[in-house]
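K.L.:
These are the residues of each chain, in order.
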Amino acid sequence: MPDPIQFELVIPSDVAVAQDLSERIVAELEVRDYSRRDIFGARLTMEEALTNAIRHGNGSNPELEVFVRCEINDERMLVIVRDQGAGFAPGEVPDPTDDEGLLAEGGRGLLLMRAYMTRVEYNELGNQVTIERTRSTD
Amino acid sequence: MSDSRHIDLGEVGDVTIARFVDKKILDESVIQEVQNELIKLIEVDGRKKIVLNFDVVEFLSSAALGGFVRVNKIAKADGGKVALCNIRPEIMEVFKITQLHRIFTIVDDVESAISSF
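If you read the protein sequences in the order shown, they are chains X and B.
Numbering follows our numbering, in which position 64 of the first sequence is assigned residue number 64; successive positions increment by one, without gaps.
Numbering follows our numbering, in which position 79 of the second sequence is assigned residue number 79; successive positions increment by one, without gaps.
It cannot be assumed that every hint is accurate.
Stated by the list, open to error - Computed Cβ-Cβ distance ranges for the label pairs, DEER-style:
(1) ARG76/X - ALA77/B: 40 to 48 Å
(2) GLU63/X - GLU11/B: 46 to 54 Å
(3) GLY13/B - GLU63/X: 26 to 34 Å
(4) ASN123/X - GLU33/B: 30 to 38 Å
(5) ALA27/X - GLY13/B: 16 to 24 Å
(6) HIS56/X - SER29/B: 15 to 23 Å
(7) VAL93/X - SER112/B: 22 to 30 Å
(8) TYR122/X - HIS101/B: 26 to 34 Å
(9) VAL44/B - ASP20/X: 17 to 25 Å
(10) LYS96/B - GLU63/X: 48 to 56 Å
Calculated from the structure, these hints are not laboratory results.
Glycine included, C-beta positions come from ideal geometry on N, C-alpha and C.
Could you build all of it, start to finish, from the sequences and the hints given here?
P.N.:
Here it is, written out as structure tokens:
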């Protein structure tokens, strides 16, 4: 198995750069033989978390950046994503699975992140999310 | 019938089969193009029965789901119907987590989708 990795970097509010970073993280899980579901979920979660940081957190402002810290080993993936925005209240995101939410064109990202990850926690301000996925055993 | 870069279009009688070309549907620009193309089929070309064939799709984002929700709404408002087919298990799980399998017609294959209309 490869050695554990950890890195921190700052990316611009650019979804193409964010996608490259997502694929870099997914590749680290693939080489450590994480399950297919873990890998799918990690790709989806990174896409949602980084897109949220860029579009909603930073308002797609090219002058604002996204900070990412990542630690991956054989047992778990830990990623922290922080934007430079004013934050939000995750508890106030409408339920996308109720009758009204089903017809909404957005608002599903947080639900999906929580479904696939072991832990998704926001800081008090709401501009930083800590994402953890322990390796699935099935 | 012209194809976009992201959808291969075909017809079986009065049913339009739209087969996605991209393995991953996540780029905002791709999602917008796909959405626009499908809406054009409904609102301009007057297609009432549309099958979305996901056989090559391995990944999609929540933004892509939002695009399909919009297309479905527009089709219904226009008296049409959209059926989704050939969805891989991992993508189907996304539909179930988001409960979108309750509002979409989702079937196994193209033939079943055609029969669903």
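K.L.:
Decide, hint by hint, whether the structure agrees.
P.N.:
Okay, the hints, checked on the actual structure:
1. The hinted range of 40 to 48 Å is satisfied by ARG76/X and ALA77/B, whose Cβ atoms lie roughly 46 Å apart.
2. Between GLU63/X and GLU11/B the C-beta distance comes to about 48 Å, which sits within the given range of 46 to 54 Å.
3. Against the hinted window of 26 to 34 Å, the Cβ-Cβ separation of GLY13/B and GLU63/X comes to about 54 Å, which falls outside the hint.
4. Taking the beta carbon of each, ASN123/X and GLU33/B are about 36 Å apart, inside 30 to 38 Å as hinted.
5. Between ALA27/X and GLY13/B the CB atoms are about 45 Å apart, so this pair departs from the stated range of 16 to 24 Å.
6. Remark: the range hint 15 to 23 Å for HIS56/X to SER29/B is upheld by a beta-carbon distance near 18 Å.
7. Between VAL93/X and SER112/B, the C-beta spacing of about 35 Å breaks the proposed range 22 to 30 Å.
8. Take TYR122/X and HIS101/B: their Cβ atoms lie about 28 Å apart, and the range 26 to 34 Å holds.
9. At about 36 Å, the beta-carbon gap between VAL44/B and ASP20/X misses the expected band of 17 to 25 Å.
10. Our hint of 48 to 56 Å for LYS96/B and GLU63/X is violated, since their Cβ atoms are close to 40 Å apart.
Checked against the numbered hints listed earlier, the structure breaks hints 3, 5, 7, 9 and 10; every other hint is satisfied.
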